[in-house]
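Undergrad: Here is how the chains run, residue by residue.
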Amino acid sequence: GAVVSQHPSRVICKSGTSVKIECRSLDFQATTMFWYRQFPKKSLMLMATSNEGSKATYEQGVEKDKFLINHASLTLSTLTVTSAHPEDSSFYICSARGGGNSPLHFGNGTRLTVT
Amino acid sequence: GENVEQHPSTLSVQEGDSAVIKCTYSDSASNYFPWYKQELGKRPQLIIDIRSNVGEKKDQRIAVTLNKTAKHFSLHITETQPEDSAVYFCAASISGGFKTIFGAGTRLFVKA
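Chains W and E, in that order, give the protein sequences. Heads up: the first sequence begins at 1 in my numbering, then just goes up one per residue. Heads up: the second sequence begins at 116 in my numbering, then just goes up one per residue.
Don't read these hints as lab results, they were simulated from the structure. Hints are supplied without guarantee of correctness; some may be wrong.
[Stated by the list, open to error] Calculated lysine-lysine pairs in the BS3-like style (CA-CA distance at most 27 Å, straight line):
{"#": "1", "chain 1": "W", "residue 1": "14", "chain 2": "E", "residue 2": "186"}
{"#": "2", "chain 1": "W", "residue 1": "41", "chain 2": "E", "residue 2": "186"}
{"#": "3", "chain 1": "E", "residue 1": "226", "chain 2": "E", "residue 2": "183"}
{"#": "4", "chain 1": "W", "residue 1": "42", "chain 2": "W", "residue 2": "66"}
{"#": "5", "chain 1": "W", "residue 1": "55", "chain 2": "E", "residue 2": "214"}
{"#": "6", "chain 1": "W", "residue 1": "66", "chain 2": "E", "residue 2": "186"}
Predicted, not measured: the structure shown is a model, and the values here were computed from it.
With the hints as constraints, model all of the structure from the sequences given.
TA: Pasting the structure below:
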């Protein structure tokens with residue numbers, strides 16, 4: 001089945017620094033990937049839709065200059081949290097669709113802690 | 116945009132009993148409804164899905180029903196087991212690569 005790999009699984013960084021999270025589709029091409037944020041015991045909140053070769057589409061309330069998304073190839077999307085702040089600490093998870101009517105497949109998620 | 120409501124937020128059942136989780140959606144254009152199971156610290160895993168041209172789908176102990184008119188769909192787990200304990204999310208989307216919107220999740224506890 002479709003596999004989505006996300007790296008790193010955990011990262012701790014200091015306030016003011018930037019962190020890059022990678023999401024790769026390993027055995028399929030994904031023209032569209034999705035980035036979600038999940039707070040403890042809460043649902044998956046869609047942050048943005050990453051489109052290969054074009055700009056990402058951000059959900060209302062998500063700062064595009066803070067959460068930079070790049071989808072340079074059909075198998076890789078990156079999320080960069082810029083000028084990280086403790087409130088950015090969360091579980092970030094990406095997903096991709098294999099095309100057509102196939103379901104979403106999720107990466108393992110990245111737990112970000114900003115100190 | 117689409118809004119998905121999910122109830123209950125927490126559900127506790129005795130092993131062997133059935134569990135039912137209900138969701139409603141707002142966008143009548145939504146036509147694909149997956150259900151995901153997420154264990155603590157792990158990725159959501161698709162357990163069953165249903166498309167709008169079908170009213171019910173079953174896979175062993177898991178079944179999903181869809182009422183397009185009322186815009187609600189439900190997950191039914193029969194003969195629950197302790198390993199069914201997890202958070203379950205319903206979702207709605209328009210198939211073809213459009214974004215998927217998730218419900219708030221239901222934390223299911225199955226007591227042995």
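Undergrad: All hints, please: hold or fail.
TA: Outcome of the hint check:
no.: 1; hint: W:14 to E:186; result: violated (45 Å)
no.: 2; hint: W:41 to E:186; result: holds (26 Å)
no.: 3; hint: E:226 to E:183; result: violated (33 Å)
no.: 4; hint: W:42 to W:66; result: holds (22 Å)
no.: 5; hint: W:55 to E:214; result: holds (15 Å)
no.: 6; hint: W:66 to E:186; result: violated (36 Å)
The structure is inconsistent with the numbered hints 1, 3, 6, although it conforms to all the rest.
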